[in-house]
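Please put together the full structure from these sequences, using the hints given.
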Amino acid sequence: MKKKALVVDDDEKNLLLEKDLLEVAGFEVFEAKNAAEGIAVARKEKPDIIVMDVRLPDMRGTAAAKILRQDKETRDIPIVFVTASLMGGDRKEIDAVTNSGFMGKPVNTRTFAKEISKFIK
Amino acid sequence: MADKTREELIEEVKLLQKRVGELEIADTENKKNEVLEYAESIINTVREPLIALDQDLRVVSASRSFYEVFKVNPKETLGQLIYDLGNKQWDIPKLRELLETILPEKATFDNFEVEHDFATIGRRVMLLNARQIERVLGKEKIILLAIEDITERRDIETGLEKAWKELETIKKIADEASEFAQSVINTVREPLISLDQDLRVVTVSRSFYEFFKVDPKETVGHLIYDLGNKQWDIPKLRELLETILPQKTTFDNYEVEHDFVGIGRRIMLLNARQIQRVSGKERIILLAIEDITERRGIENGLEKTRKELAVLAIELERVARVKSEFLANMSHELRTPLNSINGFSEVLYDETFGTLNEKQKKYVSNILASGNHLLLLINQILDMAKVEAGKMKLVLSSLSMKSLLSEISMLVADIVSKKKIEMLLEIAEDLPDIEADELKVKEILYNLLSNAVKFTPDGGKIGMQAKKVYSGIEITVWDRGIGIAPENMEKIFEGFFRVDTPYSRVTEGTGLGLPLSKKLVELHGGKLSVESGGLDKGTLVRFVLPIVSYGGAR
Chain A
1 MKKKALVVDD
11 DEKNLLLEKD
21 LLEVAGFEVF
31 EAKNAAEGIA
41 VARKEKPDII
51 VMDVRLPDMR
61 GTAAAKILRQ
71 DKETRDIPIV
81 FVTASLMGGD
91 RKEIDAVTNS
101 GFMGKPVNTR
111 TFAKEISKFI
121 K
Chain B
1 MADKTREELI
11 EEVKLLQKRV
21 GELEIADTEN
31 KKNEVLEYAE
41 SIINTVREPL
51 IALDQDLRVV
61 SASRSFYEVF
71 KVNPKETLGQ
81 LIYDLGNKQW
91 DIPKLRELLE
101 TILPEKATFD
111 NFEVEHDFAT
121 IGRRVMLLNA
131 RQIERVLGKE
141 KIILLAIEDI
151 TERRDIETGL
161 EKAWKELETI
171 KKIADEASEF
181 AQSVINTVRE
191 PLISLDQDLR
201 VVTVSRSFYE
211 FFKVDPKETV
221 GHLIYDLGNK
231 QWDIPKLREL
241 LETILPQKTT
251 FDNYEVEHDF
261 VGIGRRIMLL
271 NARQIQRVSG
281 KERIILLAIE
291 DITERRGIEN
301 GLEKTRKELA
311 VLAIELERVA
321 RVKSEFLANM
331 SHELRTPLNS
341 INGFSEVLYD
351 ETFGTLNEKQ
361 KKYVSNILAS
371 GNHLLLLINQ
381 ILDMAKVEAG
391 KMKLVLSSLS
401 MKSLLSEISM
411 LVADIVSKKK
421 IEMLLEIAED
431 LPDIEADELK
441 VKEILYNLLS
451 NAVKFTPDGG
461 KIGMQAKKVY
471 SGIEITVWDR
481 GIGIAPENME
491 KIFEGFFRVD
501 TPYSRVTEGT
511 GLGLPLSKKL
521 VELHGGKLSV
531 ESGGLDKGTL
541 VRFVLPIVSY
551 GGAR
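Those sequence lines, one after another, are chains A and B.
When the first sequence is numbered by my numbering, its final residue is 121 and no position is left out of the sequence of numbers.
When the second sequence is numbered by my numbering, its final residue is 554 and no position is left out of the sequence of numbers.
Some hints could be false.
In silico EDC-like cross-links for lysine to aspartate or glutamate, where the CA-CA straight-line distance does not exceed 20 Å [stated by the list, open to error]:
id: 1; chain 1: A; residue 1: Lys114; chain 2: B; residue 2: Glu351
id: 2; chain 1: A; residue 1: Lys19; chain 2: B; residue 2: Asp414
id: 3; chain 1: B; residue 1: Lys467; chain 2: B; residue 2: Asp430
id: 4; chain 1: A; residue 1: Lys13; chain 2: B; residue 2: Glu351
id: 5; chain 1: B; residue 1: Lys527; chain 2: B; residue 2: Glu435
id: 6; chain 1: A; residue 1: Lys13; chain 2: B; residue 2: Glu435
id: 7; chain 1: B; residue 1: Lys419; chain 2: B; residue 2: Asp458
id: 8; chain 1: A; residue 1: Lys13; chain 2: B; residue 2: Asp350
id: 9; chain 1: A; residue 1: Lys4; chain 2: A; residue 2: Glu73
id: 10; chain 1: B; residue 1: Lys467; chain 2: B; residue 2: Asp414
Source of the hints: derived by calculation from the structure; they are not laboratory data.
Structural data, given as structure tokens:
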């Protein structure tokens, strides 16, 4: 059975790239363009992993993660934050989220899916 | 009868002598007695002690004042030898000299000074006047001795003399002091005047005339307020001299601001001293005037500058923060499109979704190369900004420099062999481990080695040398390439300065590699320098990393 991945990114091109890379690697991929949509899909599909941008139009990715962590259905889903921002503040914010990882943009297309898979237990 | 002087007395006695002689001729006993009584009364009236001695120096007669002055009585005096008077206390050598040696030769003697310690009346200084009179009072020879006690007078004279001498000394000292004070007044650069109690100018220092552009004629003796056409009539000065000074004898740093006709607006600091003159009750006010206009101007300027600087510092801090935020945002905004440019071209190049023809593959490869170049630029600009904002933090760990150096040389082996360049490595055996930020050290080395490759012709030589030095590890990266012209030596650290090289495509570099490397070395507490023999003479970059870097994140 295919692993389910949810990709949350407001940039359609990035969303497409990450989706393609994960599909090539054999994932079943769900997409969301903002945090609210991402939370709804996560609750519905209960993916094995969530790949999420930090800067989202409706709220920060880390704030969305907090909501997911309060719901027992989505509490244990690993979240990998993909961000173009490398400032120290963002790192602290991400580290505060349990069961989470971090990946810088631009992503390495050759290793992306493999890196993501590592976060699934 | 009033006191008579000695001369008058002598005249009277001479007159008596003459009369007595006449009387002898007349041979009238009664008249003779009358005259004698008269002479006796004269003797008793004068205040000066007076005694008459016979030729054997025995007392024939003594005046009342003699008894009073020498505290003796007639019984123990009359008929006695003068030397035996008052328990022999009149046996004075000088008196003997006068009576026995001088007087027999001279009939009179004036102002013969005798000093003697008397039992009853203490030490006395006497002036003796003697007259030898022939045939009087039934005696063959009478000596009239007038004794003037000049002890008090002598004391007064001595005292006076002493006083005069002291006065002389005081005057001399005062003169010296005054001369000294005058020279002090004239020497100090600070204008100085002294005023009397009526606030009239007594003395003025030369600097006062120079400073206030006035001359002595219109200054000395004038009321201070009237000086320089009444321009000294300053309310605050009046307050100081008339209200404050009478209550306090000194006053320091009294600030007065005034607009002077000759010299313009001045701020002065007044220091005043009230001095009581030694002789007399006069008061003297010493007034020192310090012109602090320039100083105040400088102080005010400084204060203003300080405030402006503080404002500027706040503004700078804000600008730096804005710049830093701007760069963080910019790098985020630039990385997002780069993510798709590089990502999609990489996927295309990898032919994940189908094969490309040769032309397509070449084009995609170009897009990917430019994308990666852009990414490197963004990263380096962000790093430069971070270092400059003091926000670049080192992550320190213990590094084996030997393995790190060989790792780096492997990393550049690819580009080195592409240009058929020979790379010479000289790494000392005793190279110690250092504490540094691994990624940053690798970045420095990579930047320098790739520069060496970039500026060296195909088939040329580059090299890297590492050795232990006193202050840490010294690493040298050299090439035999295009070198640096002397006029460009400063510019290479400015950023975005790139030397055109015929040996590499210009677009490869960012112009930030060397400046960033220098900053990263300095962040470790090390030093980086560049040497070149000039154009086409090659380049040598030398840097030292300390064994333990400071400024790292703890």
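Hint check:
The hinted pair formed by Lys114/A and Glu351/B meets the criterion: a straight-line CA distance of about 18 Å does not exceed 20 Å. Among the hinted pairs, Lys19/A with Asp414/B is inconsistent with the structure: their alpha-carbon atoms are about 33 Å apart, more than 20 Å. Between Lys467/B and Asp430/B, the direct Cα distance comes to roughly 8 Å. Compliance with the 20 Å bound is thereby established for this hinted pair. Restraint check for Lys13/A and Glu351/B: satisfied, since their Cα atoms lie roughly 18 Å apart, inside the 20 Å limit.
For the proposed pair Lys527/B and Glu435/B, the alpha carbon gap of about 16 Å is at most 20 Å, so the pair holds. For the proposed pair Lys13/A and Glu435/B, the alpha carbon gap of about 42 Å is over 20 Å, so the pair is violated. Proximity of Lys419/B to Asp458/B is assessed by CA-CA distance (about 5 Å); at most 20 Å being required, the pair is judged to hold. In summary, the hint linking Lys13/A to Asp350/B is supported, as the alpha carbons are separated by about 18 Å, within the 20 Å threshold.
Between Lys4/A and Glu73/A the CA atoms are separated by roughly 15 Å; this keeps the pair inside 20 Å, and the hint holds. Distance check on the hinted pair: Lys467/B and Asp414/B sit about 25 Å apart at the alpha-carbon level, beyond 20 Å; violated.
The earlier numbered hints that this structure contradicts are 2, 6 and 10.
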